[in-house]
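Participant: With the hints as your guide, set chains B and C onto chain A.
Residue strings, one per chain:
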Amino acid sequence: MQFFGGSDISPSPPAPTASGNNAHMMYVFNRNGVCLLYREWNRPLHTLNAQQDHKLMFGLLFSLKSLTAKMDPTSMDKGNLGVPQLPGQGCSFHSFRTNTYKLSFMETPSGIKFEIMQFQFLGRGFGENIRFVQIILITHPKTGDLRESLKYIYNLYVEYVVKNPIYTPGAPIRCELFNTSLDQYVRSISYLLFKPRPSGTGDLVLQKAYSLMLISIIKALISVSKSVVKNLGSRDILNII
Amino acid sequence: MAAIYSLYIINKSGGLIFYKDYGSSGRMDTNDSLRVASLWHSMHAISQQLSPTVGCLGIELLEADTFDLHCFQSLTGTKFFVVCEPGTQHMEGLLKVIYELYTDYVLKNPFYEMEMPIRCELFDINLSQATQKDRVALLGR
Amino acid sequence: MIGVGKIKQYSNVLDKPLSKGKQEVSSSAFAFLFSELVQYNQTQVDNIAELERRLEDAGYAVGARVLELLCHRDKGNRRETRLLGILSFVHSTVWKVLFGKVADSLEKGTEHEDEYMISEKELLVNRFISIPKDMGTFNCGAFVAGIVRGVLDGAGFPAVVTAHFVPMEGQHRPRTTILIKFGEEVLRREARLAVPCDIIGSLFDFCVCSSEHGNFNDLVKAIIATPVDVKYTISLHPNSFDLGQDELS
Numbered sequence: 001m002q003f004f005g006g007s008d009i010s011p012s013p014p015a016p017t018a019s020g021n022n023a024h025m026m027y028v029f030n031r032n033g034v035c036l037l038y039r040e041w042n043r044p045l046h047t048l049n050a051q052q053d054h055k056l057m058f059g060l061l062f063s064l065k066s067l068t069a070k071m072d073p074t075s076m077d078k079g080n081l082g083v084p085q086l087p088g089q090g091c092s093f094h095s096f097r098t099n100t101y102k103l104s105f106m107e108t109p110s111g112i113k114f115e116i117m118q119f120q121f122l123g124r125g126f127g128e129n130i131r132f133v134q135i136i137l138i139t140h141p142k143t144g145d146l147r148e149s150l151k152y153i154y155n156l157y158v159e160y161v162v163k164n165p166i167y168t169p170g171a172p173i174r175c176e177l178f179n180t181s182l183d184q185y186v187r188s189i190s191y192l193l194f195k196p197r198p199s200g201t202g203d204l205v206l207q208k209a210y211s212l213m214l215i216s217i218i219k220a221l222i223s224v225s226k227s228v229v230k231n232l233g234s235r236d237i238l239n240i241i
Numbered sequence: 001m002a003a004i005y006s007l008y009i010i011n012k013s014g015g016l017i018f019y020k021d022y023g024s025s026g027r028m029d030t031n032d033s034l035r036v037a038s039l040w041h042s043m044h045a046i047s048q049q050l051s052p053t054v055g056c057l058g059i060e061l062l063e064a065d066t067f068d069l070h071c072f073q074s075l076t077g078t079k080f081f082v083v084c085e086p087g088t089q090h091m092e093g094l095l096k097v098i099y100e101l102y103t104d105y106v107l108k109n110p111f112y113e114m115e116m117p118i119r120c121e122l123f124d125i126n127l128s129q130a131t132q133k134d135r136v137a138l139l140g141r
Numbered sequence: 001m002i003g004v005g006k007i008k009q010y011s012n013v014l015d016k017p018l019s020k021g022k023q024e025v026s027s028s029a030f031a032f033l034f035s036e037l038v039q040y041n042q043t044q045v046d047n048i049a050e051l052e053r054r055l056e057d058a059g060y061a062v063g064a065r066v067l068e069l070l071c072h073r074d075k076g077n078r079r080e081t082r083l084l085g086i087l088s089f090v091h092s093t094v095w096k097v098l099f100g101k102v103a104d105s106l107e108k109g110t111e112h113e114d115e116y117m118i119s120e121k122e123l124l125v126n127r128f129i130s131i132p133k134d135m136g137t138f139n140c141g142a143f144v145a146g147i148v149r150g151v152l153d154g155a156g157f158p159a160v161v162t163a164h165f166v167p168m169e170g171q172h173r174p175r176t177t178i179l180i181k182f183g184e185e186v187l188r189r190e191a192r193l194a195v196p197c198d199i200i201g202s203l204f205d206f207c208v209c210s211s212e213h214g215n216f217n218d219l220v221k222a223i224i225a226t227p228v229d230v231k232y233t234i235s236l237h238p239n240s241f242d243l244g245q246d247e248l249s
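Chains A, B and C, in that order, are what the protein sequence lines are.
The numbers in the UniProt record's numbering rise by one with no breaks, and the one at position 169 of the first sequence is 169.
The numbers in the UniProt record's numbering rise by one with no breaks, and the one at position 30 of the second sequence is 30.
The numbers in the UniProt record's numbering rise by one with no breaks, and the one at position 63 of the third sequence is 63.
Next up, chain A with everything else stripped away, as it sits in the complex:
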C-alpha cells in the first residue's frame, strides 16, 4: 500500500450530492487520448459511431482545457492558446452543463517523476504513466457537484485496474471486478429510478418518485407486519398501519 500512498478506497463512498442523479455514460482516457473504458447506462441518442464519439470527446476536453488555461482571469502568464499543458498546470475545469446533460471531468494530479520511478521499480512502466487518466462522467443536468464521486471512481480504478497484474497499461480495460464495482457505485448515484426530463416537470417527477418509494416502503411494512403478527386479526394490522 505504501507505494500507492493515498490510494485506499475511502471507507464509505461519498453520498450522492443532489437528488435526481442519473448517469448516462462514462469515459476513461489515458494521456494519449486512447479510450480505456466506455460505459453506457442510459443513452438514447447516438449521433456518431463509437470511435468517432471517443475522439470527439477527447478533443473537446483537450480544447476546453486549453481554453480555460488561456482565459484564466487570475493569472498573468497564460502561455499560448492550444499549446498542450502538463497535467495540473494552468487553469483546468471540473464540469460543464448543457440543457440536456452535465459533464463532470477529473484529471489525476501530476507528480509524474514520482510515478515513473514507481513503475520502474515495478518493472512494467514502459515510460507510460498508468495512473494518469482522465475520467468523464455524464449525468443528468441537474446533478450536483460530482468531484468527490469521480475521486471515488478513480480509487476504484487504482484498486482494480492499476493493481491488476494482468492489465497492460494503455490497453482497454477489461477487468470484471472493476466494471461490477463501478456499475454498483454509479447505480447508487442514480438511486432515483426515473428518466431525466430536460425541462419543467422535474419537481413533479421527483414527487412521483418519492411517492413510489413511499408506497413500496408501506408495502414492505405490510408484508413484514403480516409475517410478524400472523396470529393477530386483520383489524389489528390495519391499526398498526
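Think of the hints as simulated: they come from the structure by calculation, not from any bench.
Treat the numbers as computed from the prediction; the structure is a model and nothing was measured.
Treat the hints with care, since some could be wrong.
As the list claims (entries may be wrong) - Result set (BS3-like, lysine-lysine): computed pairs, CA atoms no more than 30 Å apart in a straight line: (1) B:K133 with C:K101; (2) B:K133 with A:K55; (3) B:K96 with B:K133; (4) C:K133 with B:K20; (5) C:K16 with C:K101; (6) C:K133 with B:K96; (7) B:K20 with A:K151; (8) A:K78 with B:K20; (9) B:K96 with A:K142; (10) C:K121 with B:K20; (11) B:K12 with C:K133; (12) A:K142 with B:K12; (13) C:K121 with B:K96; (14) B:K12 with A:K78; (15) A:K78 with B:K133.
Facilitator: This is chains B and C only, laid out in the frame that chain A set:
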C-alpha cells in the same frame, strides 16, 4: 475584486463582435480574444453532438478552477458569455439583460451592420450600468 | 346577436365619424422601421448633408399630413395664425400625438429674433441610435425637424428647421434641439399683426393677415368703414387667408 471578469459576444459564425474586460489580470490581446471566441464557438457546437439525449442546445455553464463561464445563445445563433468568479449568482439573468440591450441599442441602430463588431455608444453606456454590482444583485429578486 | 349593434353600418363612408385612431404603436416596430428608413436613405446618398436632407423630406410629408389631420380632428377645421400659437401647437398638440408627450421645452433664441428652439432630452427617434464618430454632427432628429417644417409650412409659416445635439451638464447624452428659423415674411406679418390685435381686437387679425403687402393705414380705414354685415362674414371665416383686400373694400 470584480465579480465579473469579462464579457464576450460572438456572432453566428463564431466571429467576436464584442469584448469587454472588467479587470482580469493578464489582459488578452485582440488576437487571443478572437481565437478564444472561435474556439468557444466550436466547443459549443461539439458539446451538442455529444449529448446523450435529443434537444441539446450547447454548454450553458462551464465551471473551471478559477472562474465560471456562463453562456447564453439567442435563437439566431448569437452567443453571449460572461466570465465571472466561481459561484457568482444571477448570471443567467444578467445575460438576458445584456441580450435585451443588444436588441435595443445595437439591432435598432441604423448604423450597425449585422455580424460586424459592435461600436455603439448607447450600448456601452447601458451595459456599464447593467454590469454594476448592485444592479446585478437586484436581478435576483 | 350581441355585438352586432355595436358596429353601426354606414352606407356612406363620409358619414362615418373620424375615429381617434389607435393611440399606441409598438416602440420596437417604429424603431426598426425608422432604422430601415435611415439605412435605405444611406444607400441613396453620397454625403451626410444629403442624408439629412432626405430624412427631412420624409419628415416633411408626415408633418403636412399631421397638420391636416389635427386641424380637422382637434380644432374643428381651424388652424393657428399667430407665431406663438403655432409654436405651442407644435410643442404640445403635435408632439403629444406623435410622441405621446409634450416636448420638454420651447424657447426663443437669444441671439436672433426669428429663432425658436424645441428641446427634447431623449427624442424618440434617437432613443436607440448611436451616431458613429465618423459621421460628426449628424442627427437623425432631422426627420423630426422635417415634421416640424411640414407643419409650419402647411400652416403658412415657412421656416428653416434643423436638428442639433446640445451637450448637457451632468448627463451622459446630449439633448436634441430642433432649431426653427422663420422666414422674413412671417416675421413681418407677425409684427403687423401685433398692433391691431391690441387696438381693435382679434376679429381684425385675419383681415390684416390676409393682406400682407397692403398699406396698413389704408386697411384700418377700410375696416372701420366696413359695414357691420361684412365684419360678420369675416368672423365666420376666420381661417381664410385668401380673403383679399378687394373684398374688404
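Participant: Quick check: which numbered hints come out false for this structure?
Facilitator: 1, 2 and 7
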